[in-house]
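Asks: Build the full structure now, drawing on both the sequences and the hints.
Each chain is listed here by its residues.
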Amino acid sequence: MHIPDGYLSPGTCAALYAGAAPFWWVALRRLRKTLHTRLVPRLSLFAAFSFVVMMFNIPLPGGTTGHAVGVALATIVLGPSASILAISTALVIQAFFFGDGGITALGANCFNMAVVGSLVAFLVYRAVAGRAPLESSRRVVAAGLAGYAAINASALLTALEFGIQPLLFRDASGAPLYCPYPIGIAVPAMMLGHLTIAGIAELVMTGGVVAFLQRTDAALLAATAGRGVVASSNAEFGGAAGSLRPLWITLGFLLVLTPLGLLAGGAAWGEWRTSDFADPAARDAMTAASLGHAPPAAAPGGLARLASVWTAPLSGYAPPFLRSPTVGYALSAMFGAGLVLLAVTGVAAVLRVRQRSGTAHDTESV
Amino acid sequence: MTGKARTPRGFVERTIDGLLHAMERAVSAEAGAAGAGWIQRLDPRVKLAGLLSLVAAVALSHRADVIAALLGLGIALAIASRVPLATLLSGVWLAAVGLSGALALPAVFLTPGRTVATLPPLGWTITAQGLTSAGYLILRVAAAATFGFLLVFTTRWSHVLKALRAFRLPLVFVVVLAMTYRYILLLLEAAHDMFVARRSRTVGRLTAGERRRVVTQSAGVLLAKSLHLSGEVFLAMQARGFRGEVYLLDDFAMARADWLALVCFAAAAAAAVWVGR
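Protein chains in written order, with the numbering used here: chain A, 1 to 366; chain B, 1 to 277.
Treat the hints with care, as some may be off.
What the hints assert, rightly or not - Here are some of the chain A residues that sit facing chain B, going by a computed Cβ distance under 10 Å:
hint : residue
1    : 9
2    : 10
3    : 207
4    : 210
5    : 277
Since the hints were made in silico from the structure, they are not lab data.
Only a predicted model underlies this, so the values are computations on that prediction, with no experimental measurement involved.
In this text, a Cβ means the ideal position worked out from N, Cα and C, and glycines have one as well.
Replies: Listed below in structure tokens is the structure:
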């Protein structure tokens with residue numbers, strides 16, 4: 001799982017450093033707000049714990065043993081923000097000090113395991129655990145599944161990063177410069193080990209420790225249990241509360257950058273129309289974009305059949321009544337982003353109403 | 001007692017070995033950093049910038065011979081720094097290169113390209129592109145791992161962190177990294193003691209479920225200890241006047257030899273990127 005130096009191109013490494021950076025920044029801001037001066041000792045201790053627990057040998061069914069990353073455990077006890085930073089810190093020390101994972105690939109490892117792992121673990125845990133009491137066995141199952149899903153999501157992402165290397169980076173003779181295996185080999189090879197041994201190790205570790213904490217100190221599970229379940233002082237530690245302002249600013253920035261899409265030449269790979277298969281210029285563009293593989297002589301039957309099922313109202317990102325494609329593109333982007341925001345706001349409003357009624361119910365039952 | 005009977009090594013023994021190995025590595029790194037080699041004498045900022053630029057050059061180079069030359073440079077630097085090659089072999093190459101070699105082997109057969117040989121019993125074809133690709137992977141892993149190893153085994157961890165601060169890494173990250181390292185050593189020792197204590201109290205064979213419970217309980221106890229410790233550390237920091245601000249004593253000073261070394265590192269990295277483009 002820890003990608004060493006040499007497997008990913010410098011471009012991929014830089015992109016994944018850039019991908020992880022906003023999450024580090026937002027997580028740090030959220031934690032500073034909730035922990036103040038406690039931030040440094042608490043984060044350091046949890047990072048140290050994450051490092052040490054990665055070295056535990058876990059006996060698995062079938063007589064074999066495996067190691068867990070512990071990302072779901074960190075997420076459940078600390079919340080996703082603290083988990084992102086704690087696991088990232090542990091990965092930095094592993095890479096620099098123990099040579100486990102590369103220095104150039106550090107951004108990729110942090111993005112795959114710390115960022116994606118923590119977020120997937122948080123979503124799965126909250127979805128499966130629901131509003132169950134802290135001591136409920138449902139939380140043990142949720143924790144195990146969160147660990148299993150988190151490690152497999154990280155592994156899948158790692159495999160995809162490996163898999164795109166031979167497509168994009170080859171020398172003059174055609175030899176892959178970095179990871180030599182395409183997606184068709186990298187994904188099954190990676191997932192076989194993670195869907196079985198590594199995934200089960202994570203499941204056993206996360207579920208087992210949560211079961212242990214339920215018996216010894218269930219309050220430690222309150223941070224991510226949801227507002228209505230327990231209102232403890234731990235809930236401030238990276239849980240649901242926190243300002244979304246940085247995310248809104250990032251979203252606004254991305255919207256402002258939308259016109260950059262106009263600078264991109266050619267068509268996006270795979271986003272072809274049936275008419276493109278008959279157009280020689282479009283065929284040349286498809287061949288160039290597919291590393292020299294020529295497209296079939298005619299549009300595939302399935303594509304031709306399904307192409308007419310739905311016609312987008314803003315086909316080609318421009319309403320038919322606008323003559324300028326540039327203005328049309330920008331208007332379409334704003335319209336699309338507005339629709340998504342409207343849908344998200346609607347879902348959030350419904351969830352808030354449900355949460356309020358659930359909290360009232362819990363308070364009554366207590 | 002049957003002295004000659006071999007006891008199967010269980011998960012507890014393997015975990016104890018792993019924890020001990022991590023502690024030994026930390027101790028030997030500190031000892032190596034205190035040695036009297038060429039790199040040890042350099043300013044930590046020069047070492048950090050120089051060795052990381054060589055790692056970047058390894059990643060950026062598109063020619064196997066250039067990457068091999070960088071690996072040669074890494075070995076020469078190790079000799080000049082009096083890092084035992086046996087340590088380099090066992091600590092870096094056997095683990096990193098051995099694993100990458102095993103991973104790269106199928107690429108020799110699976111990568112499409114010009115056939116250079118056929119494996120007689122199976123009829124599998126070895127391609128030139130497959131061999132080159134496996135070569136890239138193994139050489140890159142070996143060279144980058146060598147430079148990373150050199151950085152840690154010739155520089156005290158506290159100096160690496162101070163040097164990171166010189167490159168504008170946010171102070172909070174530097175302090176968290178420093179404290180994490182300190183408490184990793186403490187928690188490694190605590191975990192080691194827990195497993196040794198558990199083993200000394202275990203009679204007979206545990207069932208599979210019991211073995212899993214031992215590990216998860218140990219992890220749970222370690223988690224609780226970490227939480228408890230973080231509270232104690234925070235109180236201790238407050239007792240010493242900690243109010244959220246952290247200060248480091250930046251007392252590095254660049255000598256002429258440091259500037260010269262920095263120029264040499266930069267020239268080697270730039271040449272590797274230029275020739276290997």
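Asks: Confirm or reject each hint.
Replies: How the hints compare with the structure:
1. The closest approach between the C-beta of residue 9 of chain A and any C-beta of chain B is roughly 7 Å, which is under the 10 Å cut-off, so the hint is satisfied.
2. Below 10 Å, beta-carbon pairs count as interface contacts, and residue 10 of chain A has one with chain B at about 5 Å; its hint therefore holds.
3. For residue 207 of chain A, the suggested interface contact is upheld, since its CB lies about 8 Å from the closest CB of chain B, less than 10 Å.
4. Hint status for residue 210 of chain A: holds, given a least beta-carbon distance of 9 Å to chain B, under 10 Å.
5. Checking residue 277 of chain A against chain B by beta carbon gives a least distance of about 26 Å; that is not within 10 Å, so the hint is violated.
Consistency with the previously given hints fails for number 5 only.
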